[in-house]
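Generate coordinates for the entire structure from the input sequences, incorporating the hints supplied.
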Amino acid sequence: MPESYELHSTSRTPSPEETYSLESRSHTFDMSHSSLTLACFGALFLVLSGGGYYTVTTLAVPLDGQSPPWYPAPRGGQDGAWGESFRKASDLVRQMTLVEKVNITTGIGWMMGPCVGNTGPVPRLKFPSLCLQDGPLGLRFTDYTSAFPAGITVGATWNRTAMYERGRAHAKEAKAKGINVILGPSMGPLGKFPAGGRNFEGFGSDPVLQGVGAEMTIRGIQSQGVIATAKHYIANEQEHYRQSWEWGTPNAISSNIDDRTLHEMYAWPFADSIRAGVGSVMCSYNMVNNSYACQNSKLLNGILKDELGFQGFVQSDWLAQRSGVASALAGLDMTMPGDGLTWMNGESLWGKELTKAVLNGTVPVERLDDMVLRIVAAWYQMGQDNQDEWPYENKTLPNFSSWTDEENGLLYPGSSDQTTGKVNWFVKAQANHWKIARQVAKEGIVLVKNEEFMLPMHKDGFEMTRSPDRKLRLGIFGEDAFDNPKGPNACKDRACNEYTLASGWGSGAVEFPYLISPATAIKRTVRNDSVDFFEVPSNELTAELDATAQRCDICMVFISADAGEGFVAWKDVKGDRNDLQPQKGGDKLVQQVASKCGNGGQGPVIVVIHSVGPVILEQFIDLPNIKAVVIAHLPGQESGNALAEVLYGDYSPSGKLPYTIARKAADYGPNSTILYSSKALVPQQNFSDGIFLDYRHFDRHNITPRYEFGHGLSYTRFHLSNLQLSSLIPAREPFPAPRPPPGTVPPVDRRVPLANSSVVPDGFRRIHKYIYPYLDHLEDAKPGKPYPYPHGYSTMAHASPAGGGQGGNPDLYKPLALVKCDIENIGTFPGAAVVQMYITFPPNITNSLGEHVPMPPRVLRNFDKIHLGLKDYGPERLEARKKHVSFELTRRDLSYWDIGVQNWVLPKGRFAVWVGESSRDIKQEMAGGGGERGVGGEVLGGRD
Numbered sequence: 001m002p003e004s005y006e007l008h009s010t011s012r013t014p015s016p017e018e019t020y021s022l023e024s025r026s027h028t029f030d031m032s033h034s035s036l037t038l039a040c041f042g043a044l045f046l047v048l049s050g051g052g053y054y055t056v057t058t059l060a061v062p063l064d065g066q067s068p069p070w071y072p073a074p075r076g077g078q079d080g081a082w083g084e085s086f087r088k089a090s091d092l093v094r095q096m097t098l099v100e101k102v103n104i105t106t107g108i109g110w111m112m113g114p115c116v117g118n119t120g121p122v123p124r125l126k127f128p129s130l131c132l133q134d135g136p137l138g139l140r141f142t143d144y145t146s147a148f149p150a151g152i153t154v155g156a157t158w159n160r161t162a163m164y165e166r167g168r169a170h171a172k173e174a175k176a177k178g179i180n181v182i183l184g185p186s187m188g189p190l191g192k193f194p195a196g197g198r199n200f201e202g203f204g205s206d207p208v209l210q211g212v213g214a215e216m217t218i219r220g221i222q223s224q225g226v227i228a229t230a231k232h233y234i235a236n237e238q239e240h241y242r243q244s245w246e247w248g249t250p251n252a253i254s255s256n257i258d259d260r261t262l263h264e265m266y267a268w269p270f271a272d273s274i275r276a277g278v279g280s281v282m283c284s285y286n287m288v289n290n291s292y293a294c295q296n297s298k299l300l301n302g303i304l305k306d307e308l309g310f311q312g313f314v315q316s317d318w319l320a321q322r323s324g325v326a327s328a329l330a331g332l333d334m335t336m337p338g339d340g341l342t343w344m345n346g347e348s349l350w351g352k353e354l355t356k357a358v359l360n361g362t363v364p365v366e367r368l369d370d371m372v373l374r375i376v377a378a379w380y381q382m383g384q385d386n387q388d389e390w391p392y393e394n395k396t397l398p399n400f401s402s403w404t405d406e407e408n409g410l411l412y413p414g415s416s417d418q419t420t421g422k423v424n425w426f427v428k429a430q431a432n433h434w435k436i437a438r439q440v441a442k443e444g445i446v447l448v449k450n451e452e453f454m455l456p457m458h459k460d461g462f463e464m465t466r467s468p469d470r471k472l473r474l475g476i477f478g479e480d481a482f483d484n485p486k487g488p489n490a491c492k493d494r495a496c497n498e499y500t501l502a503s504g505w506g507s508g509a510v511e512f513p514y515l516i517s518p519a520t521a522i523k524r525t526v527r528n529d530s531v532d533f534f535e536v537p538s539n540e541l542t543a544e545l546d547a548t549a550q551r552c553d554i555c556m557v558f559i560s561a562d563a564g565e566g567f568v569a570w571k572d573v574k575g576d577r578n579d580l581q582p583q584k585g586g587d588k589l590v591q592q593v594a595s596k597c598g599n600g601g602q603g604p605v606i607v608v609i610h611s612v613g614p615v616i617l618e619q620f621i622d623l624p625n626i627k628a629v630v631i632a633h634l635p636g637q638e639s640g641n642a643l644a645e646v647l648y649g650d651y652s653p654s655g656k657l658p659y660t661i662a663r664k665a666a667d668y669g670p671n672s673t674i675l676y677s678s679k680a681l682v683p684q685q686n687f688s689d690g691i692f693l694d695y696r697h698f699d700r701h702n703i704t705p706r707y708e709f710g711h712g713l714s715y716t717r718f719h720l721s722n723l724q725l726s727s728l729i730p731a732r733e734p735f736p737a738p739r740p741p742p743g744t745v746p747p748v749d750r751r752v753p754l755a756n757s758s759v760v761p762d763g764f765r766r767i768h769k770y771i772y773p774y775l776d777h778l779e780d781a782k783p784g785k786p787y788p789y790p791h792g793y794s795t796m797a798h799a800s801p802a803g804g805g806q807g808g809n810p811d812l813y814k815p816l817a818l819v820k821c822d823i824e825n826i827g828t829f830p831g832a833a834v835v836q837m838y839i840t841f842p843p844n845i846t847n848s849l850g851e852h853v854p855m856p857p858r859v860l861r862n863f864d865k866i867h868l869g870l871k872d873y874g875p876e877r878l879e880a881r882k883k884h885v886s887f888e889l890t891r892r893d894l895s896y897w898d899i900g901v902q903n904w905v906l907p908k909g910r911f912a913v914w915v916g917e918s919s920r921d922i923k924q925e926m927a928g929g930g931g932e933r934g935v936g937g938e939v940l941g942g943r944d
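Numbers 1 to 944, taken from UniProt numbering, label the letters of the sequence shown in order.
Hints in this document: simulated from the structure, not taken from any laboratory. Note that this is a predicted model, so its numbers are computed, not measured. Do not rely on the hints blindly, as some may be mistaken.
To be verified - Straight-line distance between alpha carbons at most 25 angstroms, and here's what the computed DSS-like set of lysine-lysine pairs gives:
#1 Lys428 <-> Lys523
#2 Lys908 <-> Lys820
#3 Lys449 <-> Lys584
In structure tokens:
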């Protein structure tokens, strides 16, 4: 490793006016009752008044005004599960100089190392440069790695084991490539907006489903010693206006959320992630209650680190850091990619600026030490100090370049420096992970309609023709069924939306090692001596299409809907979808094929949809010859193979919708629409729908969806019976037990170090745009104007009674009740049932402020996927026909967030517990509670 790899900075020192404007702009986000006009770089940006940003064209006042202050940042190491890692980290960090500490917290700059994110190393102590790499569904910018199904597909499996195994395989490949930190999974966005561009990266539109998907993925990733990243924290629900300047406005959008909604919906899956021991959390680009998420002290210090007990490090999304000192004080631990307010200019808000801030006393030494301890402790917690598995002396790790496919290339491609060397070793990391990719893909396929048992089809075609003397004529229509002639990776970041759709676009997409199209797999699956194929690989409505459809016995139509990250667009789709219709004229394609198929519309039609999320189906769903509709989501590299297994009966479909499909977009509610246009200096998006998202909204307003949340058909039938509910622990108190005392945190040295060791050494070779922690001159360490600390900074916040452990107060996770039932396969196919448990809260709940607490009719609280065979006897390898299922109900499951006492409260009254196969297909119901808190009751009724 060359000396220049470790240290260098060319960023200029801002003038006092610029420094004040940059920092005070961010700090004032935590002021609650003030009016201040701010300028930055000579331009008037915004006016803060009375708790929110306004312009002359005033928008609605944010729900909570300004985000309240929460200082100081809690120290890491308070949880016993991380105690040994923090002890080791303390021993190492105690030996570091100031610049070495700063080097670990600051990325070295965009395209200045092999990975999308690279921290500065400490070679003297053999602490490596950490490699951070996208993304949530595979390894971006790498070779010989897998393109797994997207998160929305994983959510549709409703299978904990599949979630875990996908994460495990993902991490095995990361480790083989020398990647320390995977930038995933994603549980933000939650899916507030059905058209949200990055919904496909998460697991569905419910906090419990998202939380389980995140937890199991994290456990899978970190089982292999790779650090997982829970992202994007928090309320990053749309792509329009998510970043400053990206949409022509100087500031990012503000997601304005009330406290109860934040806890019960958007923070819920992050709590599950932290309880799983996640090593890193990524803060998002957007503002929350008019404070940037990466410098929002309430979110980072108060909720994440104190209340939820997060022990790892908070990293910024790439250029999501909007301030230097403010973000450090608010709880940010690592800035990525190192560049500050502008891509690839070599100027950082940290680097030497953080060194300066510590030397002049603006940022306390203990805050810097805590940043570094959290990063190093996560490294130890995953066992990355194990030299047998992560050899420091191995100069071939990472063994790939994100920036070139050539064996040799620039070592610092973002710089004018022309130093070259070997950058790609072409290490094959896939192993047999295609099996996991295919299994997840087929389990994520949702059969929403299957009239007259259209599916599964017969591989020999005889069933339709009813004669072995004539081949079945099968038509495959639509661009989405076919291979892209230019290859699966022809589109940069997968954003050109051409041919078969297997992934959304953006940083969450990956390079396909291969992509099996549906048409290819179907032709391999059926008997060619029994089936003739007719193909129309286009969505254009032509005479050829009509003539082909007329000749077919069965017509399969493939349509799609794509979206992705907002930095790139497909036509006029700029990240977020413009509507919920199939794209490229998909509706009209289905209608046209249906009208012609089989001699003038006599033939059955099967519709297959690849989509990033909900699609409105009303223009064709009720046509008489639309016999089957399959939603295959985003299946990854094994797309066609997985689909063919389901279509031809090798695997009975078991996927369930991770969202609701409405009859029209307006049914999702008035607050479900993307903010596509804004003239405000800070675009405002009020989350006024509160906790009533997706099926909760439909149920509350008694709106009939086309297909409800959790819906999905099988080739077999299941019967739920014998529902039982028993109390495990009497719950006499409304609040969880008192917060347990914290563990002993590592000692830190609060003395400000001498400045002379922080100046760049004489003769040091500088690399243009490379970010280093050294000061240019000793005079840089002298104090300047008094720093304008944020309102509330001098007041120590009170520890939350809801805290005390990873994920929150440990008492929240104690089971209060046990729900049991039996599930039986009463059909003729082996299959997998998803047993879903919902609860109804007692009516007329009043919080500590005397306010009515509205509740949805039902909320999901647990689920399990049960594989069932056709026998109750025989070899052990055969699944039983009938199995027993049990679910725990914890205190958290049965509580709501009381904004007055700032704690979870278990209400008094009568709960109802429901089990079924979707949010509306309820098989059995049980009530419990009465005058007691918690549950324990009687079966009210059963439904077949």
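Evaluated hints:
1. Lys428 <-> Lys523: violated, 29 angstroms
2. Lys908 <-> Lys820: Judged against 25 angstroms, a Cα distance of about 23 angstroms means the pair holds.
3. Lys449 <-> Lys584: holds, 23 angstroms
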